[in-house]
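Chemist: Take a look at the letters that make up each chain.
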Amino acid sequence: MAIRVNLITGRSIQQGVSMEAGKEKPAYTAACGIIELDPVDFKKLGAFRNTNVRVTSDYGSVVVKAVEATQGPHPGVAYIPMGPWANMVVNPDTYSTGMPTFKGTPVTVDIAKNEPVLSSLELVRKACKGEQA
Amino acid sequence: MTKTITDVICPFCGTLCDDLEVVVSDDGKQLLEVYNACAIGAEKFLHSQAKDRITRPRMRQEDGSWKEITYDEAIEYTAQMLANAKKPLMYGWSSTNCEAQALGSELGEIVGAVMDNTATVCHGTSLIAVQDIGIPSCTLGEVKNRADRIVFWGCNPAHAHPRHMSRYSIFPRGFFTGKGHKGRKVIVVDPRPTDTANVADVHLQVEQGRDYELLNAFRVAFKGEKLPDVVAGIPKEKIYEAAETLKSGRFAIIFFGMGVTQSLGKNHNIDAAIAVTRDLNEYTKAAIMPMRGHYNVTGSGQVWGWLFGFPFAVDLSRGYARYNPGETTANDLLRRDEVDAVFVLGSDPGAHFPFSSVKKIYDRPSVAIDPHETPTTEVCKVHVPVAFVGVEVGGCAYRMDNVPIETRKVVEPPEGMMTDEEFLSRVLARVKEIKGV
Amino acid sequence: MAEYLIKNGFVFDPVLGIRGDKADVAIKDGKIVETNAVKSPKVIDATGKTVMAGGVDVHSHVAGPKVNVGRNFRPEDKLFTYKPRNGIERMQGGFSVPTTIRTGYNYARMGYTTVMEAAMPPLYARHTHEEMRDTPILDQGAYPVFGNNWFVLEYLKNNELENTAAYIAWLLRATKGYAVKVVNPGGTEAWAWGLNCENIHDPVPYFDITPAQIVKGLIEANEYLGLPHSMHIHANNLGNPGNYTTTLDTFKLSEGIKPKSKFGRDQVMHHTHVQFHSYGGDSWANVDSRAKEIMDYVNSHDNITIDMGQVTLDETTTMTADGPFEHHLTELNHLKWANADVELETGSGVVPYVYSPDIKVCAIQWCIGLELALLAKDPMRVFMTTDHPNAGPFIRYPRIMKWLMSEESRKQQFDAFKYKDKVIDATNLAGIDRELDLYEIAQMTRAGPAKALGLAHMYGGLAPGLEGDVAVFDFNPNEPYAPDDIEKAFSNAEHLFKSGVQIINNHEIVSNGNKRTLWVNTKVNENPQVMRDVKEKFLRYYTVTLNNYEVSGHYLPNPYVIEVDATQ
Chain A
1 MAIRVNLITG RSIQQGVSME AGKEKPAYTA ACGIIELDPV DFKKLGAFRN TNVRVTSDYG
61 SVVVKAVEAT QGPHPGVAYI PMGPWANMVV NPDTYSTGMP TFKGTPVTVD IAKNEPVLSS
121 LELVRKACKG EQA
Chain B
134 MTKTITDVIC PFCGTLCDDL EVVVSDDGKQ LLEVYNACAI GAEKFLHSQA KDRITRPRMR
194 QEDGSWKEIT YDEAIEYTAQ MLANAKKPLM YGWSSTNCEA QALGSELGEI VGAVMDNTAT
254 VCHGTSLIAV QDIGIPSCTL GEVKNRADRI VFWGCNPAHA HPRHMSRYSI FPRGFFTGKG
314 HKGRKVIVVD PRPTDTANVA DVHLQVEQGR DYELLNAFRV AFKGEKLPDV VAGIPKEKIY
374 EAAETLKSGR FAIIFFGMGV TQSLGKNHNI DAAIAVTRDL NEYTKAAIMP MRGHYNVTGS
434 GQVWGWLFGF PFAVDLSRGY ARYNPGETTA NDLLRRDEVD AVFVLGSDPG AHFPFSSVKK
494 IYDRPSVAID PHETPTTEVC KVHVPVAFVG VEVGGCAYRM DNVPIETRKV VEPPEGMMTD
554 EEFLSRVLAR VKEIKGV
Chain C
571 MAEYLIKNGF VFDPVLGIRG DKADVAIKDG KIVETNAVKS PKVIDATGKT VMAGGVDVHS
631 HVAGPKVNVG RNFRPEDKLF TYKPRNGIER MQGGFSVPTT IRTGYNYARM GYTTVMEAAM
691 PPLYARHTHE EMRDTPILDQ GAYPVFGNNW FVLEYLKNNE LENTAAYIAW LLRATKGYAV
751 KVVNPGGTEA WAWGLNCENI HDPVPYFDIT PAQIVKGLIE ANEYLGLPHS MHIHANNLGN
811 PGNYTTTLDT FKLSEGIKPK SKFGRDQVMH HTHVQFHSYG GDSWANVDSR AKEIMDYVNS
871 HDNITIDMGQ VTLDETTTMT ADGPFEHHLT ELNHLKWANA DVELETGSGV VPYVYSPDIK
931 VCAIQWCIGL ELALLAKDPM RVFMTTDHPN AGPFIRYPRI MKWLMSEESR KQQFDAFKYK
991 DKVIDATNLA GIDRELDLYE IAQMTRAGPA KALGLAHMYG GLAPGLEGDV AVFDFNPNEP
1051 YAPDDIEKAF SNAEHLFKSG VQIINNHEIV SNGNKRTLWV NTKVNENPQV MRDVKEKFLR
1111 YYTVTLNNYE VSGHYLPNPY VIEVDATQ
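Protein chains in written order, with this note's numbering: chain A, 1 to 133; chain B, 134 to 570; chain C, 571 to 1138.
I should point out that these hints are in silico values taken from the structure, not numbers from a laboratory.
Glycine residues also receive a C-beta, built at the ideal position from the N, C-alpha and C atoms.
Nothing false has been slipped in among the hints.
Cβ-Cβ distance ranges computed for the label pairs, FRET-style: (1) B/Ser158 x C/Asn1091: 33 to 39 Å; (2) C/Gly618 x B/Asp265: 50 to 56 Å; (3) B/Gly549 x A/Pro106: 48 to 54 Å.
Work out the full structure: start from the sequences and follow the hints.
Modeler: This is how it looks when you write it as structure tokens:
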């Protein structure tokens, strides 16, 4: 069943290392094309760990792999490492501060088992061309 | 044979470790090993040696493919783009040296650009707060040598500044802190029990987005006044306890990060955090420090400070510098279609800006100066690879506590590759020609 | 190089002893030369104008980390006065904390050519040099701070003069610094724990050494080395009512000590911004001027020089390495406060401040600064400054000249004070009718500071052999003038030459010059003890490595090294 969670984004070691190795590489997708969910939220969602899910907000939508929270528990809070996947859905409003609201965007998470997680370059390229991301 | 270069500065994050050791081949062309760096720093050095590195500029073709072009052609495209734009955005400036930042400033002045750096999506809101309330701070050595109460508020150094805790904030044995971490009390405030929280004495699992209330609760608690039973998800007993812990120390330091700069409240969160620090100075010595992200975003703020008077979001389009976050910041400008060309150097907005901003870069004449292939280079019309600062070219960088350290060149860049400074000098000269100045 | 002949101006030069006579000044190959040494010079007609050497500012906060904090945390300081790019002038902004570009141009417009950065925290030296490099036209140097430095505290506690001297020499070289600066000795180290040293016998926590020992030791070390400038001090207890006693106590530490330097200075102590240190009374209610007591001492002891620290009655930005004072100030005026303590070395604070003529204390401060200058017997030992930007922005120097030269202008200012009578009761200024002339002004702003800095062989006068630093002002001292004419003329030099290059022509800036950075390289006997201590402290307590500490040459694109040999 689709769940509603509060999305935050941020750094992780894997995000940092894979970023330095090259954002075009699979390791970056593995590190950042994910959403960390608390076990409680996984249960509500009714999905197995490592299933692809579609994350949707008022601002956009993206397919990422759902994994178990590595720094939990944090029921109700979901975490996507900073990167182009997260930035498909975060609130871009800066409220006149210049700073988009990278932390604290309400999102809906749906199972999307058969939809692929795109690589970072593909994701950005397709979205710019108006193709479904 | 090989040679080992010591005292190498790591060009990744604001921790700016300067104790790395790099082993290079005798002819200085190959980087073989890195010691003392964290996993991310090590990767940066080693990746510079990748065989699939892009070594020449390239231009996007009509059919979507890349075509290699010469540096001269890239310089021409860039100079024309900037000279012909009414209001170009020149963004990034954080993963490069101060010398390049100063050159970029001169270029921006001549073309009437808006100059913005990565603080705009990182600690820009902190800079705004400092402009309202100031900031009692110190260098990292003061923390190492004196601090016995450490707070990490809305930051996760275990993941973002991996050697911070061992070099400065928790583990070192300094002059007055011979007991190392045993003599320190560590408090982490974070909506998640992070890996940093796991080495702390206390974790306050604040409700996400409610840091403003909790910060103000601390100020109430310092004064021993009445609190509601629960604030931001934290029971008042825990707040009073944490407040007492801080007051009872000899030197308290608050490190803070994106948890408070990027969540709602933004600059008001930081304002409150600085007010907490000010208040704490009535009871004991207290300081506060932002955990700066890129290794030289601080430097960009310093250079623009002394040249223009503002640390980020500097609008030069009218011939004199203007500053107004919300109006002159990169994401707002892009969203409102107020820039007609985009020049990116030393950062990756394609990956780190909200997608709606990235689309605007795609829609415009755009150039990305970056050694890497990134989501930014993916949406720009021209991609110019350059040498890695701190690896293949030296130059000054500023640490998160504003200490300037000169990065080193440890290995030769790929044959024929330019540095940021060389590229910018050539573009500047060409723009001057075009504009007849 | 171009030759110039500045003809027929009214020359004021304390070095040659010319008091306003008509004289010609010749420049060739970057230096002043005899007038018969130029063959086909460009002639500048200075008929009816005032001609002086380029000004020398002995103490101004214009480059470095706390200056930049002042810029970045005060966007409001840029409102209304930003100037767009114009000809060769780049855009320039900032009123009380100008950008480096504006600093260079604004000093040049007042006819100044040499400006010493008043305080450089050694760990941040690279930053100071980057800013000086980006300040056009002016020759500059910077003073590293020593009075709260752990090495100094430990060596002086043990009376190790040679070690102190060796460390000073090492640090001057590592930071490319010019002189020994002392700020709130011991007090800023105490501030790292939230404490302070309020008089010269207050011991520093843990290090257990008194400010008196620190100051005395550093004077002795400075003379042992024979450095060009003397020890340069901002004493304890700045800004507090009653503090004049601390100032006199501090002065007395120099008694009996003679200067030992080959650079021509006569003083062993330069005390800066003495206005802030000349208060009587014991509260803001009864604070009064003790400039008389201070100047009695200064006038009768010729081994001391001072500078004014004149309050200009502006909204400005205070910034100093006296960290505890800045905290005290923010508690007083509740304006934003920035603080930066620096490991093993020093600290700093920055707080905006409004010196309003409606506030009695501000008016008293204004009086005190002027009293110091007007009570001076020897203008070669009392220099004009505002401790920029602490007591006011340096662009007010011509206004201070006006106040010093015109009793009428001082009366006008008194009339503008809300509490004029209370101010007069608490000060001496209203009873002083002395008016300085341009010769005395030249002593206080050119010849005197150059000599005190040990740079009389380069700056401060128009004798042949000195640097070609010459200013021409559209001011005729022999025609009747209104006081405001002084301020107007000296704010806008008609011509300016720096190192023989014309910088200003007909009031317009025509060159960005080729600024030099001065630093002192002192040769001392090898001292393995100090080198071992340095290595150890870097290993254990600093957060940068020893190899990354020293400022490399390329931050000084045009260095001027003063060599000192202290091996004997």
